[in-house]
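Using the hints, position chains B and C against chain A.
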Amino acid sequence: MPLEIIKFSSDEKYKKKVMEISGQNFHKCYQCGTCSGSCPMAEHLTILPRRVMALLQLGVKEELDKSNTPWTCASCHTCMVRCPRGIDIAKVMEALRLIRLRQNINQIEPSNLTKKEIVGLPQIAMVSGFRKLTS
Amino acid sequence: MKISYYPGCTLKTKAKNLERSALACFDVLGIDYEELPRWNCCGAVYSLADDDLLHIIAPVRDLIRVKERGHDTVMTLCSMCYNTLARANELMKNDEKKRYTINTFMDEEPDYAGEVKVVHFLDYLRDVIGWDKLREQIKVPLNDLKVAPYYGCTLLRPREVALDHPDNPTIMQTFLETLGTTVVNFPSATVCCGSYQVLGNPDAALKVSHGILNDAVKHGAEALALACPLCDYNLGFRQDAILNNFPDAREIPVYYFTQLLAVALGTDPAVSHFELNRAGSVQLLKSKKFISGTAS
Amino acid sequence: MSTTEVAVKTEIEAKLIPIYIMGKKYEVPETLTIMKAIEYAGYKYIRGCGCRGGVCGACSTVYRKPGDYKIHVGLACQTVVEPEMYLTQIPFYPAIRSTYDFTRLSGQAEEIFEIYPELFRCVACNACTKVCPMDVQVMDYIAALKQGDIKKAAELSFDCIQCGLCASRCMGELPQYHIAQLARRLNGAHLTPPAEHLKTMVANIEASRFNDGLTKLKAMDTETLKKTYQEREMEPATAGEDWTPKDNQYL
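Residue numbers (this note's numbering), protein chains in the order written: chain A, 1 to 135; chain B, 136 to 431; chain C, 432 to 682.
Treat the hints with care, since some could be wrong.
[To be verified] Straight line, CA to CA, 35 Å or less: simulated DSBU-like cross-link-like pairs of lysine-lysine:
1) A:7 x A:17
2) A:16 x B:233
3) B:137 x C:455
4) B:228 x A:28
5) C:583 x B:252
6) C:455 x A:17
7) A:115 x B:151
8) B:147 x C:582
9) B:151 x C:583
10) A:16 x B:232
11) B:423 x B:274
12) A:17 x B:268
13) B:233 x C:467
14) B:252 x C:561
15) B:353 x B:233
16) B:137 x C:677
17) C:455 x C:561
18) C:657 x C:677
19) C:582 x B:151
20) B:252 x B:423
21) C:561 x B:233
22) A:115 x A:66
23) C:496 x C:446
24) A:13 x B:228
25) B:137 x B:353
26) B:228 x B:353
27) A:116 x B:268
28) C:501 x B:233
29) C:501 x B:232
30) B:151 x A:13
31) C:475 x C:501
32) B:202 x B:228
33) A:16 x B:228
34) B:151 x C:561
35) A:66 x B:151
36) C:582 x A:115
37) B:268 x B:421
38) A:116 x B:421
39) C:582 x C:467
40) A:15 x B:281
Hint data in this document are derived by calculation from the structure and do not stem from the laboratory.
If we strip away everything but chain A, and leave its shape as in the complex, we get (with noise of 0.2 Å):
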């Protein structure tokens, strides 16, 4: 298989920013996989947990604004409680959605929601969904 080399410069702001929202560090991290072998969601993740954090560790934001991850994350929270690590994973997931949301952009709107989608939702559901995915 040809390896792909990119040229990338680590964005040091950025990794500070995810640290200081998540209150992780994620350079703890020795990339065992457990969390990705953990993740319910994983076959719906462009980019598994365990590289999320060797991104983040280098410092390639591109490749993780591009990805669907902590979009598709549902903060189950199975790859914190297994992490040998410590590392909350689900709160660097939620400071990766924050970065983008506290810039305004919404993930979902609520107001395209059909009649049908409300009349059977939980308010928790909308409740829990907009925190994650509005800004």
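Just chains B and C now, kept in the frame of chain A:
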């Protein structure tokens, strides 16, 4: 001693079957409770950002309401409410700096420092009532009902508020055994149902939910017991979509754990509002003769 | 002394105090309301004045006082000026008012959820309640609606005058006052028992019960009509519920 009961928004509408069945059980078990006269939505998901205290205000307000009533314990039924209130409580107890900021921000409220204990009905049954005492109260043992205990996320994670071991819990199994059911253990018991991704990525959530139900069916379960209205939505309400999208899917009734308890305690099936469950749910209980034929 | 003399005298006697209107200092009589003070300072209301009686919600005003971090609010037409207050009037604040066909609604909570899904973005910060000039428990009625309790929300929001200050301070960008209005409409139309006596009266009118009296009135010349009106038997202020006029031929 009287305790406060915090319902949560969904329990007043979509998950009335969770609330009403639980309240009937409270009465049978002699739990002296009072629904909080004033409460607000807890926010459903606990804020995971270190620099965001605003989203912790909502659950703290509710805890202040409990303190105001002079109660030392607040009982929850919805797993998400439990998690959010319990985590906010831990923060107020342990983080002096954030506690100060939150208390100062809410200058219209009395100060709070985690004085209240947040419990879920399941750990109340285990720790306060006790399984043996509960067993004595069972009037209709749910013998031969093969139930898979489904925990979901928020009763078990993170560790600081977990009702039991996050990866190897037994509390729901013991509960179901106490009711007389045949417990069906299955690997997906603690796997997330997709949660709020039903809004962000509904297809992914559907597939995850299908995996959980399929796992339960494969292990021989006739029904699933759970505690969260969002799990119930993904695994119960959306089962029609699952059946339409996955050829290997099989229909399986989904109950709130409180509904099974209410039936086992011999309460009127009307209190369990089975009309809010899937159509097959009440039929299964009738076929096992746990409830009489007239209940809908 | 005539009334004009009293007014003039009071104005002369009133002490002048400094207030800041949109950052500019003015000396105004301390007895004036904010609205009168703004006019005294030379501003002219074209809009944003409203009823001058404290019920229309057009003149909501935000102000601060020196050495006090708190945001204070009041209706300009009702609030008396205080020394050193610095203020601005916010006669309108943009908030989405959804359009809906009311005749197709039946009083279900989901109808409100559909029209205003942003309801679920409330974080219970309570800024709305703190800023309400009518002391409405705004956060509590939003909480009630999230729980699907339309009746409670309608009752809690009853004193709302639609000034919009709640929306101006909202973290979750909710148009609280429009949501509450929908709740009150649904409550009135679907969740409150219909008034039986009104139904009876409408039926009576439709059955021409009062036609004779009306025909008589219509035939009167202006003078007789005035005289009849002035000589009518009025219900005394202290009358009990079972009071009826002596002449009850039209009841």
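We went through each hint and held it up to the structure:
At most 35 Å may separate the alpha-carbon atoms for a hinted pair to count; residue 7 of chain A and residue 17 of chain A meet this at roughly 22 Å. With a C-alpha separation of about 21 Å, the suggested pair residue 16 of chain A and residue 233 of chain B falls inside the 35 Å cut-off, and the hint holds. Between residue 137 of chain B and residue 455 of chain C, the direct Cα distance comes to roughly 58 Å. Violation of the 35 Å bound is thereby established for this hinted pair. Under the criterion of a C-alpha separation no larger than 35 Å, the hint pairing residue 228 of chain B with residue 28 of chain A is consistent with the structure, at around 28 Å.
A threshold of 35 Å between alpha carbons decides the hint, and for residue 583 of chain C with residue 252 of chain B the separation of about 29 Å falls inside it, so the pair holds. About 41 Å separates the Cα atoms of residue 455 of chain C and residue 17 of chain A, which puts this hinted pair outside 35 Å; it is violated. Distance hint between residue 115 of chain A and residue 151 of chain B is fulfilled; the C-alpha atoms sit about 21 Å from each other, no more than 35 Å. Restraint check for residue 147 of chain B and residue 582 of chain C: the C-alpha separation of about 13 Å stays at or below 35 Å, so the hint holds.
For the hint pairing residue 151 of chain B with residue 583 of chain C, the CA-to-CA distance comes to about 18 Å; that is within 35 Å, so the pair holds. Pair hint residue 16 of chain A plus residue 232 of chain B holds up; C-alpha atoms about 22 Å apart against a cutoff of 35 Å. As the CA atoms of residue 423 of chain B and residue 274 of chain B are separated by approximately 15 Å, the hinted pair is consistent with the 35 Å bound. Pair hint residue 17 of chain A plus residue 268 of chain B does not hold up; C-alpha atoms about 52 Å apart against a cutoff of 35 Å.
For the hint linking residue 233 of chain B to residue 467 of chain C, the alpha-carbon distance of about 45 Å lies beyond 35 Å, and the restraint is violated. Straight-line distance between C-alpha atoms of residue 252 of chain B and residue 561 of chain C comes to about 29 Å, which keeps the hinted pair within the 35 Å bound. Restraint check for residue 353 of chain B and residue 233 of chain B: not satisfied, since their Cα atoms lie roughly 47 Å apart, outside the 35 Å limit. Among the hinted pairs, residue 137 of chain B with residue 677 of chain C is inconsistent with the structure: their alpha-carbon atoms are about 60 Å apart, more than 35 Å.
Annotation: proposed proximity of residue 455 of chain C to residue 561 of chain C holds, straight-line Cα distance about 26 Å (limit 35 Å). For the suggested pair residue 657 of chain C and residue 677 of chain C, the alpha carbons sit about 20 Å apart, so the restraint of at most 35 Å is met. At roughly 18 Å between alpha-carbon atoms, residue 582 of chain C and residue 151 of chain B fall within 35 Å of each other, so this suggested pair holds. The straight-line distance between the Cα atoms of residue 252 of chain B and residue 423 of chain B is roughly 39 Å, outside the 35 Å bound, and the hint therefore fails.
Taking the CA atoms of residue 561 of chain C and residue 233 of chain B, the gap is near 22 Å; set against the 35 Å cutoff, the hint holds. With a CA separation close to 31 Å, the supplied pair residue 115 of chain A and residue 66 of chain A stays within the 35 Å bound. With a C-alpha separation of about 19 Å, the suggested pairing of residue 496 of chain C with residue 446 of chain C holds against the 35 Å cut-off. For the hint linking residue 13 of chain A to residue 228 of chain B, the alpha-carbon distance of about 33 Å falls within 35 Å, and the restraint holds.
Note on residue 137 of chain B and residue 353 of chain B: the hinted pairing is violated, with a Cα-Cα distance of about 44 Å set against a maximum of 35 Å. Annotation: proposed proximity of residue 228 of chain B to residue 353 of chain B is violated, straight-line Cα distance about 44 Å (limit 35 Å). Under the criterion of a C-alpha separation no larger than 35 Å, the hint pairing residue 116 of chain A with residue 268 of chain B is inconsistent with the structure, at around 45 Å. Restraint check: the Cα-Cα separation between residue 501 of chain C and residue 233 of chain B comes to about 21 Å, which is no more than 35 Å; the hinted pair holds.
Restraint check for residue 501 of chain C and residue 232 of chain B: the C-alpha separation of about 22 Å stays at or below 35 Å, so the hint holds. With a C-alpha separation of about 48 Å, the suggested pairing of residue 151 of chain B with residue 13 of chain A is violated against the 35 Å cut-off. As the CA atoms of residue 475 of chain C and residue 501 of chain C are separated by approximately 29 Å, the hinted pair is consistent with the 35 Å bound. Simply put, residue 202 of chain B and residue 228 of chain B have alpha-carbon atoms about 14 Å apart, close enough for the 35 Å limit, and the pair holds.
Of the supplied pair hints, the one linking residue 16 of chain A and residue 228 of chain B holds, its CA atoms being roughly 28 Å apart against a limit of 35 Å. Taking the CA atoms of residue 151 of chain B and residue 561 of chain C, the gap is near 32 Å; set against the 35 Å cutoff, the hint holds. With a C-alpha separation of about 41 Å, the suggested pairing of residue 66 of chain A with residue 151 of chain B is violated against the 35 Å cut-off. For the proposed pair residue 582 of chain C and residue 115 of chain A, the alpha carbon gap of about 22 Å is at most 35 Å, so the pair holds.
For the proposed pair residue 268 of chain B and residue 421 of chain B, the alpha carbon gap of about 26 Å is at most 35 Å, so the pair holds. Proposed proximity of residue 116 of chain A and residue 421 of chain B is supported: the alpha carbons are some 31 Å apart, at most 35 Å. Between residue 582 of chain C and residue 467 of chain C the CA atoms are separated by roughly 38 Å; this puts the pair beyond 35 Å, and the hint is violated. Proximity of residue 15 of chain A to residue 281 of chain B is assessed by CA-CA distance (about 50 Å); at most 35 Å being required, the pair is judged violated.
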